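Work out the full structure: start from the sequences and follow the hints.
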Amino acid sequence: MNILTQILTFETKNLFTQQLIENIKEQVMNVITEIALDFSFHRYIHHMLNLQRKFNNLIRSLIIKFIHIIDDSYKKSNIRKKKYYINKSNVPRTIYTIFGEIYFERTLYVSKKEKNYYCFVDDILGLEKYKLYDPIVRGIAINDAINNNPNNASVHSSLNVFNILNDISKNKTTIISRQSIYRWIRNSNLREIKYEEIDTKPTLYVMADEKWIHKQDKRERGKRKWIMSKCFVVFTGIKRKKSRCQLLGKHVFITSSSSPYKELMEQICKIYDFEKVNTINLLSDSGGWILAGKDELRLYSHNRVIVNTCEFHVKQKINRSTTQKDLREKLAKIIYEEENKDEFIKVMDELIESKDNQARKDKVTEYKNYIIKHWKGIIAMKYSDIKSSMESHISHCIASKFGSRPKAYSGHYIQTYLKLQEASVNGINILDYYLKCYSSDSDFQYNEKEIEFSLFDSSTSNLPVCTSKSRASKILSSIAYSSTSF
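The opening position of the sequence shown corresponds to residue 5 in the working numbering, with each subsequent residue numbered one higher.
Think of the hints as simulated: they come from the structure by calculation, not from any bench.
Bear in mind that the values here come from a model prediction, so they are computed numbers and not experimental data.
All clues given are correct.
Derived DSS-like pairs: lysine-lysine, alpha-carbon spacing no greater than 27 angstroms straight-line:
1) K367 with K345
2) K365 with K380
3) K367 with K386
4) K423 with K411
Below, the structure is given as structure tokens:
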């Protein structure tokens, strides 16, 4: 049996409920009176903000009164007297919530047997020790840090909206330091996300690329270190609308692991049905680590992997080889129209011989060898219906968050940041994800089609929500019939 039902008497619950109702009536009457007497031009804004502040104050006072009631009831109860001595009364605590700052006092006890300290209020409400900000505030700050550049999360915070509504002065607009937000992210007890399955087509497309992130390294100060983050974008097709394209059945995977393909396949094999897949088109710049692991994309013998080398990097190599516009166009024509490998080698050799600087000759030779090495993939991309957009994806998914304003990251925690970013670009609500991971040990089940309709079950009552068997029904029923339950 819940301990609150044992220590709270009917009279106590009834008195608390009546005081709450009277307080609400008083606040509502004040609002109505103010609206009736106000004829100013900006009265809508004034009254909406005023209404929000009044109810924020009401909720804060409700929480404080409730804490006082349960603390006092437990102090006087026989349950407490059997187990604990009173160590200290009126121990203060402050918590920042979305309703504003809540300050309250409670009693600290000491066990009669083990001599351990115990705080009933903190235990019954599930309050963490030494935490100034509640989980919802922390979740909002983390959500802002992921959806914006992490370095700006403290300044451009959604909490500033709540601050305005809670009458916090202007010099306290930013109340959370960046260090606190980073610490909350690092300490997040994140669970595995189980994504919903995606309708799989015979052809699957995989785009891959890497982005280098600055790394913290106190052992070698003054020397730059890097973390290699890898990004995969998996999709089943595209939808064209004029000059723009939308990827269909898309899923993004980001990691800094040294075995990226293994982790990728562990996740996407649960999202896509590889038994239906005949062809896997790998669209990339054909980097060494990308080609080294391409065969790991095959789960079944009939899965065929085709490497497609993106046009961006090919044309980049051509443009860096020469500044002559006519020669650039000639080289591109030889590759993409004539598909003449021998002619390409001949023209590039002539270009290399024309250079006087040996370093320049070596660089152009490097560009030539890149194109020759990946010639098959370059031609495969020519005939592919879908081209690579990985450069824009890696910029959106990683560079804009971790590279646009350079900051060094710890190698121990970069994976946590990347996985939160991955969840965000895959459509996960980070606040919801953080709060569910905070309150549950189970994996996070993501299914946007899964909606709770039990509130609308058929019922003979004129308030069916209070008679259904859902959890929300039980809560609302306890409020509606406060004389019998609390």
